[in-house]
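Chains G and H supply the protein sequences, listed in that same order. Letter by letter, the first sequence follows residues 1 to 525 of the numbering used here. Letter by letter, the second sequence follows residues 1 to 69 of the numbering used here.
The hints are simulated quantities; they were obtained by calculation from the structure and are not laboratory data. The beta carbon of each residue, even a glycine, is placed where N, CA and C say it ideally should be. Incorrect hints may appear among the rest.
Computed far set for chain G versus chain H, every beta-carbon distance over 10 Å [as the list claims (entries may be wrong)]:
hint	residue
1	Ser129
2	Thr190
3	Ile294
4	Ala311
5	Val326
6	Lys331
7	Val385
8	Phe389
In silico lysine-lysine, BS3-like type, Cα no more than 30 Å apart, as pairs [claimed, not checked]:
hint	chain 1	residue 1	chain 2	residue 2
9	G	Lys525	H	Lys28
10	G	Lys525	H	Lys38
11	H	Lys38	G	Lys193
12	G	Lys341	G	Lys525
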Amino acid sequence: MEAVHGHDHAHDHHHPTGITRWLTTTNHKDIGSMYLWFSFTMFITGGILALGIRAELFQPGLQLWKPEFFNQLTTMHGLMMVFGAIMPAFVGFANWQIPLMIGASDMAFARMNNFSFWLLPPAALLLASSFFVPGGATGAGWTLYAPLSVQQGMGMDLAIFAVHIMGASSIMGSINIIVTILNMRAPGMTLMKMPLFVWTWLITAYLLIAVMPVLAGAVTMLLTDRHFGTNFFNAAGGGDPVLYQHVFWFFGHPEVYIMILPAFGIVSQVIPTFARKPLFGYASMVYATASIAILSFIVWAHHMFVTGMPAAGQLFFMYATMLIAVPTGVKVFNWVATMWKGSMTFETPMLFSVGFLFVFTMGGFTGLVCAVAPIDIQIQDTYYVVAHFHYVLVAGSLFALFSGTYFWLPKWTGHMYDEKLGKLHFWLSMIFFNMTFFVMHFLGLAGMPRRIPDYSQQFADFNMIASIGAFGFGLTQLIFLAVIIKCIKGGPKAPAKPWEGADTLEWTLPSPAPYHTFETPPVVK
Amino acid sequence: MASTPPPQKTSPFAVAKTVFWSFFGIRKGRDYQSDIAKITPMQAIIGGLIGAAIFIATLVTIVQVVLSK
């Protein structure tokens, strides 16, 4: 028996090398790494587009770009960051961590996992290459609102196909995650013993399966309006452009939670580890996550208060939106209570998680401001909204991704990262992030519209501050890249459990985690 | 597959109570463990859907009351 096992073991390591390894791999760690590198590439690409936006807005007047190209920059920045950077980054974390955290040997559908990933690069190429087709990329905004999206050039078609492909990838990834979590947990690991990161991903995967087909439907209707003579959104043909907004936001609001729930999961792993206390209110955290997910389906029209909604509609969506503050507040209080009287240390993962808590909560509060219909009518389509969702998506999702990367990097690479550089990355990110986006609240309240390449003189000072902050933030991310490359190449050897307070299954494995893990499932007591 | 003990029978009232707390986002650890032992996933999903319908109906009623004044 032992001999047979030994033979199998040796055979397992005859996997292809070079590019073939990455093209054909079914290993969750390889696929996770590819997702993470892909999303980082898209993050840098989308970031460069953002710097193009901020360079133009550094001072009033048209300096660098034509207005049409400026709109393309804002649109593609949004699409690339949402669908190319944040979502695949969380799937990368899921691929690496879920099997390790539940004691499974791999993802349930290993070949589909490979296919899910390899759909993404063609989609990214479609998006990026759309800049070079006649008429350029789509400039309809990341929401692709009709009727503008019905009228634009072929860049719009490329964006529609890219969204289709990325949606298919997300749905396959979600099916994989759900089946893995429900069927492949180690003996003894009941649902209630699952780490919170696994719980948040389970709920997120259901959200994805529920709403990605809705987005696919919306963009397919756009496509048929554009090329096949239908008039879903074309008022001249009896269609209704506002219908597009309803369908889009029925996807779009749960999408916001798709991008933040796994971030909650990461923070819920990091804070107890560095506070050296169990997570306060584990049960309520699970309940709050489920509650947020359900509520996310009945608030979509708060994005549409200015479309001429009846008062009853405005009140319903306003009340429902404000109620989301209850389960979200439960989570914030639980994280604070976890830290209360804990033996806290502030290594880089903890810094990013505490930073997340501080800045994400500000984004949550400005969300409540936007939820009040009469206020929203004033600030709709201003920089206040831009500030709000960047506080949620950059300070929320991105900071949690950074936190998780530093947290698990020793397990992934087998080396400790450079703590000094990590801390420098955190502090510069925090300072430049607030420099960029805090002033946008003032710009929005003063009435500066979003998605414009030029502005009145009174907005000049705050825009200059925001642009300097944005370039600082962008350059700071090179430190992150340097830390990762340095950590992959070498550094102090990481022990199996580099963090004293860590208690989930992945820390029982050696660092770096071997290519095949948990071939015999561990028993959880 | 993780081995879980077969769930015991539970009343619709207990499911409703669990769904209520899940909407609020808070639950005592002890009650939570008892939920897991007694409530099946199907009961939780059906309870959740009914809970969501009641929640929406309540909000609509509140909106109607506010607008009628």
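These are the hints, each one checked on the structure:
Every beta carbon of chain H lies more than 10 Å from that of Ser129(G), the smallest distance being close to 42 Å; the non-interface claim holds. Consistency note on Thr190(G): stated as away from chain H, yet its beta-carbon is not over 10 Å from all of that chain's, at 6 Å minimum. Chain H draws Ile294(G) into its interface by the beta-carbon criterion, the shortest separation being 6 Å against a cut-off of 10 Å. The Cβ of Ala311(G) sits about 6 Å from the closest Cβ of chain H, inside the 10 Å cut-off, so the non-interface label is violated.
The claim that Val326(G) is not at the interface with chain H is violated, since a C-beta of that chain comes within 10 Å of its own (minimum 6 Å). Taking the minimum C-beta to C-beta distance to chain H, about 8 Å, the non-interface status of Lys331(G) is violated against the 10 Å cut. Residue placement check: Val385(G) keeps its beta carbon more than 10 Å from all beta carbons of chain H (closest about 24 Å). Every beta carbon of chain H lies more than 10 Å from that of Phe389(G), the smallest distance being close to 23 Å; the non-interface claim holds.
Taking the CA atoms of Lys525(G) and Lys28(H), the gap is near 22 Å; set against the 30 Å cutoff, the hint holds. Among the hinted pairs, Lys525(G) with Lys38(H) is consistent with the structure: their alpha-carbon atoms are about 20 Å apart, no more than 30 Å. Restraint check: the Cα-Cα separation between Lys38(H) and Lys193(G) comes to about 16 Å, which is no more than 30 Å; the hinted pair holds. In summary, the hint linking Lys341(G) to Lys525(G) is supported, as the alpha carbons are separated by about 28 Å, within the 30 Å threshold.
Hints 2, 3, 4, 5 and 6, counting from the list given before, are not met by this structure.
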